[in-house]
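For the protein sequence lines, the chains are A and B, in the order given.
Be aware that the first sequence starts at 1, since it is given in my numbering, and climbs by one per residue.
Be aware that the second sequence starts at 1, since it is given in my numbering, and climbs by one per residue.
I should point out that these hints are in silico values taken from the structure, not numbers from a laboratory.
Given the structure is predicted, the values throughout are model-derived calculations rather than measurements.
In this text, a Cβ means the ideal position worked out from N, Cα and C, and glycines have one as well.
There may be inaccurate statements among the hints.
As the list claims (entries may be wrong) - As a list, the in silico DSSO-like pairs of lysine-lysine whose alpha-carbon atoms are at most 30 Å apart: (1) B:K200 x B:K6; (2) A:K148 x B:K102; (3) A:K58 x B:K200; (4) A:K75 x A:K50; (5) A:K148 x A:K127; (6) A:K50 x B:K102; (7) B:K102 x A:K48; (8) B:K102 x A:K190.
As the list claims (entries may be wrong) - Distance ranges between label pairs, derived from CB positions: (9) B:G165 x A:P42: 23 to 31 Å; (10) A:D94 x B:A113: 45 to 53 Å; (11) B:G105 x A:A84: 37 to 45 Å.
One letter stands for each residue in the lines below.
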Amino acid sequence: MKDGITPAKDTEPGSTRLVATLGFAGLLSGLIIVSVFEATLPTITEYKAKVLQQAVFKVLPGISSMQPLAYSNGKLAAAGGDEAEEDRIFGGYDANGMLVGYAIPSAGPGFQDTIRLLYGYLPQERKVVGMEILQSRETPGLGDKIYKDADFVASFNDLSADPQIITVKKGKGSAANEVDAITGATISSKAVVQIINRGNQRWNPRFDVSPLPAGAE
Amino acid sequence: MVAKKKREDLAQEFIKGLWRDNPVFVQVLGMCPMLAVTNSAVNALAMGGATFFVLVASSFLVSSLQRWIPRQVRISTYIIIIATFVTVTDFTLEALVPTVHKELGAFIPLIVANCMILGRQEAFASRHSVKLAVIDALGMASGFLFALFALGSVREILGEGALFGVPLFGADFEPWVIMILPPGGFLTLGLLLLFFNWVKERKDRLAAQLAEGEVS
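Work the whole structure out from these sequences, hints included.
Structural data, given as structure tokens:
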């Protein structure tokens, strides 16, 4: 191939030609993007569902099956698919099909951006039994300890939420509803606790009136 | 003889991007992803790989289409081409390596705004043959990848005491948290620039001395 192809002729092209060039480029680009989007969408959706399911099993230890539930018209029932995001939770069941607890998604402001998390909750005992951060943009090395610090994450494995969870300075925690804040990440730690408290505020009254969902596996 | 010279030219074109005119260390372009996502070696490689694909593919297309793109709308057309490849990369990464995609977040779409990529289209690909444009893009993209990786690995080694997530120093090592925070990025970049300038200056001085010696 010859090096240095002659550049496009320097005569002034009509505006029709310019519009046509950009229009054609845009059309082609749109077609490519839509087809790649369509091709990758199933994999992406599948992965997201898998991550969520794994998180549910992680925050509710000892369950053997789960089902998405939604709160509508004053009671909890199997999710139909058109309920608002904040009215959906997951029920976890043991091998005999008995309800173990709920996995509740909740979100709130963190230090940098919204933190989204999922926590396992036993409504009868008002106890948190696990917490998993689904999405956060906390500072690397400091705030991201809310999911990297094993001790902090483990402190949600057996935590009383009665009347509510409180964050305390490291080493001062003794009561069943107290969590040690992470040194250097106090705001992020408090945010996690507040997000869980907020989830409980919304869901506790609903659990008290609602009977166990019938017909759930 | 001519063929050999031509091959040398191509090699020069490649090395230009990788080393002599390295987009990061010499031209100081593309600083936004450079500082933002290099807190670990894996992130740096993923970002470098994504940029690599976008740059090479865009250069190829821009160079092949140069006859049909009117001068007046060339920049908009380049941006459409670049944005298309970036979006394709974004979806592909999300489907294939979701964990890496989650870490890089908003910085993949931001490749569109990487001035190095548009700069190569305008300064090189739109005026040269497809072959030269691709070689140039390969060189520049490798240079960018190399620079990101250099920064990312230094920051991960010092900031986490690990490389690719594998601990290097044992439990007694206290990570320099500052290295994975933004100041660590600036610090490392500054030191690397210092090093590259020192190497360059030293080479120039040696070349000057050599030339003097030959004359006398």
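Outcome of the hint check:
1. B:K200 x B:K6: Status holds; Cα separation ~26 Å.
2. A:K148 x B:K102: holds, 16 Å
3. A:K58 x B:K200: Violated, because 54 Å separates the two Cα atoms, which is more than 30 Å.
4. A:K75 x A:K50: holds, 27 Å
5. A:K148 x A:K127: Holds, at roughly 23 Å.
6. A:K50 x B:K102: holds, 15 Å
7. B:K102 x A:K48: holds, 11 Å
8. B:K102 x A:K190: holds, 24 Å
9. B:G165 x A:P42: 23 to 31 Å: holds, 29 Å
10. A:D94 x B:A113: 45 to 53 Å: holds, 52 Å
11. B:G105 x A:A84: 37 to 45 Å: Hint violated: Cβ distance 26 Å, outside 37 to 45 Å.
When each numbered hint is compared with the structure, violations occur for hints 3 and 11.
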